[in-house]
Amino acid sequence: GETTWLKVWVYLIVALLMVPAMFGFSLGISETYMKILIKTLEWATLRIQTVNTEQQILKSPSFNGLIQREEGSMEKELGELRRSRPKSPLGGDFSLSDCFYFYRRGVEDIVEDEVTQRFSSEELVWWNLLTRTNYDFHYISLKLTMVWVLGVFVRYCILAPLRIMLASIGLTWLVIGTTIVGFLPEWRLKSWLSEWVHVMCYRICARGLSATIHYHNKENRPRKGGICVANHTSPIDVVILCNDGCYAMVGQSHGGLMGVLQRAMAKACPHIWFERADMKDRHLVAKRLRDHVNDKTKLPILIFPEGTCINNTSVMMFKKGSFEIGATIYPVAIKYDPQFGDAFWNSAKYNMVSYLLRMMTSWAIVCDVWYLPAMHQQEGEDAVQFANRVKSAIAHQGGLLDLCWDGGLKRAKVKDTFKEQQQKMYSNMLVRAVNTCIHFDSI
Amino acid sequence: MGSRASTLLREEEIEEIKKETGFSHSQITRLYSRFTSLDKGENGTLSREDFQRIPELAINPLGDRIINAFFPEGEDQVNFRGFMRTLAHFRPIEDNEKNKDPTASEPLNSRTNKLLFAFRLYDLDRDDKISRDELLQVLRMMVGLNMFVSQVLRMMVGLNMFVSQVLRMMVGVNISDEQLGSIADRTIQEADQNGDNSISFNEFIKVLEKVDVEQKMSIRFLH
Numbered sequence: 001g002e003t004t005w006l007k008v009w010v011y012l013i014v015a016l017l018m019v020p021a022m023f024g025f026s027l028g029i030s031e032t033y034m035k036i037l038i039k040t041l042e043w044a045t046l047r048i049q050t051v052n053t054e055q056q057i058l059k060s061p062s063f064n065g066l067i068q069r070e071e072g073s074m075e076k077e078l079g080e081l082r083r084s085r086p087k088s089p090l091g092g093d094f095s096l097s098d099c100f101y102f103y104r105r106g107v108e109d110i111v112e113d114e115v116t117q118r119f120s121s122e123e124l125v126w127w128n129l130l131t132r133t134n135y136d137f138h139y140i141s142l143k144l145t146m147v148w149v150l151g152v153f154v155r156y157c158i159l160a161p162l163r164i165m166l167a168s169i170g171l172t173w174l175v176i177g178t179t180i181v182g183f184l185p186e187w188r189l190k191s192w193l194s195e196w197v198h199v200m201c202y203r204i205c206a207r208g209l210s211a212t213i214h215y216h217n218k219e220n221r222p223r224k225g226g227i228c229v230a231n232h233t234s235p236i237d238v239v240i241l242c243n244d245g246c247y248a249m250v251g252q253s254h255g256g257l258m259g260v261l262q263r264a265m266a267k268a269c270p271h272i273w274f275e276r277a278d279m280k281d282r283h284l285v286a287k288r289l290r291d292h293v294n295d296k297t298k299l300p301i302l303i304f305p306e307g308t309c310i311n312n313t314s315v316m317m318f319k320k321g322s323f324e325i326g327a328t329i330y331p332v333a334i335k336y337d338p339q340f341g342d343a344f345w346n347s348a349k350y351n352m353v354s355y356l357l358r359m360m361t362s363w364a365i366v367c368d369v370w371y372l373p374a375m376h377q378q379e380g381e382d383a384v385q386f387a388n389r390v391k392s393a394i395a396h397q398g399g400l401l402d403l404c405w406d407g408g409l410k411r412a413k414v415k416d417t418f419k420e421q422q423q424k425m426y427s428n429m430l431v432r433a434v435n436t437c438i439h440f441d442s443i
Numbered sequence: 001m002g003s004r005a006s007t008l009l010r011e012e013e014i015e016e017i018k019k020e021t022g023f024s025h026s027q028i029t030r031l032y033s034r035f036t037s038l039d040k041g042e043n044g045t046l047s048r049e050d051f052q053r054i055p056e057l058a059i060n061p062l063g064d065r066i067i068n069a070f071f072p073e074g075e076d077q078v079n080f081r082g083f084m085r086t087l088a089h090f091r092p093i094e095d096n097e098k099n100k101d102p103t104a105s106e107p108l109n110s111r112t113n114k115l116l117f118a119f120r121l122y123d124l125d126r127d128d129k130i131s132r133d134e135l136l137q138v139l140r141m142m143v144g145l146n147m148f149v150s151q152v153l154r155m156m157v158g159l160n161m162f163v164s165q166v167l168r169m170m171v172g173v174n175i176s177d178e179q180l181g182s183i184a185d186r187t188i189q190e191a192d193q194n195g196d197n198s199i200s201f202n203e204f205i206k207v208l209e210k211v212d213v214e215q216k217m218s219i220r221f222l223h
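If you read the sequences in order, they're chains A and B. To convert, note that position 341 of the first sequence is 341 in the UniProt record's numbering; the numbers rise steadily by one, no gaps. To convert, note that position 103 of the second sequence is 103 in the UniProt record's numbering; the numbers rise steadily by one, no gaps.
Okay, chain B solo, but in the shape it has when bound (with noise of 0.2 Å):
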């Protein structure tokens, strides 16, 4: 009659996930419940579609990207420790660990590290620069489609309409291509210092500075 969440995970391992990431016993036992919740396939490891059928998720528009995080380069599956080990970065930063033992690594959930994992998310070819391409998918994807064109295209298609017989139609767009290269060409300008027409790690962290990385980067996790 123990306790069923926590069989398949070892006190060691709860052990150096705690010195790893900083959550408590608690929070770990608690996370891996919700890890074997959404390991449907039930084999310790989760898979792109596992996040996927997460509707909030699946309806986030950068929501490809964020599952992206997760995987490490090149690999299909996540164990347990990858999982929490992404998680980390959304801890908040408590005043305790500001007065930690300087020696020691630097927390998973430092602002420095909130802002690099930030930066992935934008450098898909990590190369340590944000292209101007880069750039432009994350802003295509948050933006979408012009919704209306996709909408009228949909009532194309359903009306089985030809094509010749389509005229002008007045529709507004969301966001041209244009306007988003400009957006993007003027985000780099502000941002970029060394005049690579590209946004380096260093030159990402000056544009945010004043940005409060810790609580908008931070989840509350209860105990």
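One chain only, chain A, in its complex shape (with noise of 0.2 Å):
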């Protein structure tokens, strides 16, 4: 009867896909569903593509970019503004036309910015069945359509159910898993048998997700004793890394069932978990980082030094935490293929909850991971230059954007130093500096 169908279903899913994961071996039943998925979104790009010539819909060959700028300097731009006037024998180089330069630039970045554009997720070249990311596409044909509806029905009544059931089973593991090891006494097993608790579970979760990983360059693998970096898009950004080895967490104490996670993966393997109030203590945060990274017996810290979720098409600055307490860096390079679902988590739009279930519902995450060579703080640099240095590497690797925004503008203002900056650099064009004395009596 219906219960008999139950178990049968049950037992399916752990034979074909539990124990898969669990033991690291796969089934190619992934492989498959990957090739039937590449090939029906290759179809249905080369469907929009012919539409489109015929109807002469072109896409810009520079669909990214909606102006192109002038690359000059405050120097070279207000040289060529004043070109015109003579200069005046009573020194100062003041032109009415200086301000056309701030204008520009002004109205240029109203236009099209650095930084706001990657606080949302990256527009697609062209559209993949999904309705989220459908921007500016018009109806293409019947045929697409009818593509697109059994594409909904796939993923929404098929897919999600089941990815649903596997992130459960994979996270309730996870807890019973670590608190059982948590009970076993400091033998040499119990580090083992925790690591391979925490990666079956997050291989379990990565099923959840359908996610296809790559891992490059494994011989520069995080070590123990050493700190592992990443640029951020998403929570994922954690399942997709401990599928292939095991890190401490560092992190703020949530209550409710976070909190219960967090306290389970405690018993079993040191991870570094703070009170909200200490997090704003910089000394006290540095020397808990600092006692783990000398513990050689203890597993490397992951970190993601941009603070937030960044879109996956730039780094964003990295904070200088890490950085400053001399141990090890290891560089790691995530890019997510936007193709298959996007995995940027916009906090300001969607909450934890709603952005698991567009995960659980998009056709699945493919990304690729760089493990870059260690790197170390070298003589004369401080803190924020080899945070610089490390950040330069990631996004080299990762064919991202490197930016020196602060991640944190997502919500708070910028800075009013680097307007003075901006300013300084204007007056010296203005007038050759002239030291004065000030005399502070009168204030």
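Just so you know, not all the hints are guaranteed correct.
[To be verified] Under the rule of at most 16 Å between Cα atoms (straight-line distance), these lysine to aspartate or glutamate pairs were calculated in the EDC-like manner:
id, chain 1, residue 1, chain 2, residue 2
1, A, K410, B, E190
2, A, K410, A, D113
3, A, K413, B, D50
4, A, K410, B, D39
5, A, K413, B, E42
6, A, K410, B, E49
7, A, K218, A, D368
8, A, K419, B, E56
9, A, K267, A, E195
10, B, K129, B, E190
11, A, K335, A, D368
12, A, K349, B, D39
13, B, K216, A, E75
14, A, K413, B, E56
15, B, K216, A, E80
16, A, K349, B, E42
17, A, K415, B, E56
18, B, K129, B, E49
19, A, K287, A, E324
What the hints contain is simulated information worked out from the structure, not anything from laboratory work.
Build the complex: two chains, separate frames, hints provided.
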């Protein structure tokens, strides 16, 4: 009857998905799914392209740019503006046209800026049959619509329930497994078991997202006593990285379900969870990190120095905290393929639950992970320079844009010091620096 | 399964904007996407805060003036038409537009209208004259507070120093008020032809006649 049907279904799940996940081998089911998916998307893209050329709707080659900027520096541009005026004998170089430079720059930034676009999902060139990425695409053909409807059915009625079940199993197993391991005394076996439990659960979760991950340069994998830093796109980054190694997590202690998870994980092997108030105390944070790193038996720490999720088209400023404790840094670059699913978590728009549901109803998560060679702070290099060096290496490897802007600009205002820098630059072009004595008695 | 960005922008509106500003269809739809992405309140208009959220604009010394230029007199919200009308000033002057119908009204991106746009950024009280004070205001915005003074003041506040303990300090300053004053005076002197100690729009045009306004106040929009 009904129960036997359910039993068969469950046994099937366990056999086909969980067992391979537990022991790290593959039955080829995911690969077959991916092949079918890729073929379908290619067909869809071809259809859209043919219809577009027929209707002469062309995607401009510079799809990602709305304007082409002048690349001149302030000096060069102002120099050109002032060329028309003869140099005044009285000194001082101001011209009424100086402000043209600032006006144009300002309006260019209003039309297109480097920062605000990083906090929303990347636009796709061709539609990938997901409604959520349908920005500017017109109705194409009946066949395509039918495929899309089929896709919706497959994603919402078959894949999503399956994935939700897998994810729940994975997380439940994580809690149970780590709690059990936590009861064991401190043997070598304990840490081995703990690692096995962690990896197994992350593998199940990865199946739960239909994640296809390609790891590159595995010889550079992070080792104990170091810090692994990576660019941050989504909470799934953790699942991605932990499928191929064990890390100690750093983060804020949460209550509720997250808290249960955190406490269970901490029983099996040391993670670094902070109370909310302690996170503000930079010295405390640095001390705990340092203590963990100096203990060579502890797992490498996983840190996302951007501090917030960025949309995987760029790498933003790395906070210097992890770079000033003198540990070995293992940089890792993660790049998602947006064709199969948008992994970016826009925390302003979606909360965690709706984000995970979106993930579960995507086609798949496909990403590349590059392990970069270890880096150390060099002589005469301060933490900020070191952080920037690591950031550039990650950006370069992942094909991402290297930005100096702070990811915190998602929510906070930009500091006034940047404006002051611009003003100072302009002042130097106005009047050659004059030293003046300031008297403060009158204040 | 239609396009999302254009569903809120009707074809008739796009045509009207096209006629008024000269932007192409695809440019208008893409700028509309940009407009909606800036519109965090999702009410079809932008406020000053929406502009200030752009970091590069927030650090532009004349950022506030530029933002102001988008808002009609006394209003706090700008809709898409107004947004496009202001952006239209920065369209390049194409050759074919020079041969256009002479009876049509002057396009928003003509040399004169570009200069008028810049003039209005100086002339805050809209009395069609740039006074010495208005010129000084803009100069001060571009030059900033004497930077080292602001740094020292910040340091003083941080160290909680008593003013009486602070003696003479040698600091380098950017530009003092006197220097700015003489720059303003000289600028007005050069431009002022009718001796009213301020710069009218015609005097403004005359002073800048050799400047390549068409290129410097234009943005290269793609397609």
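Structure-inconsistent hints, enumerated in ascending order: 1, 5, 18
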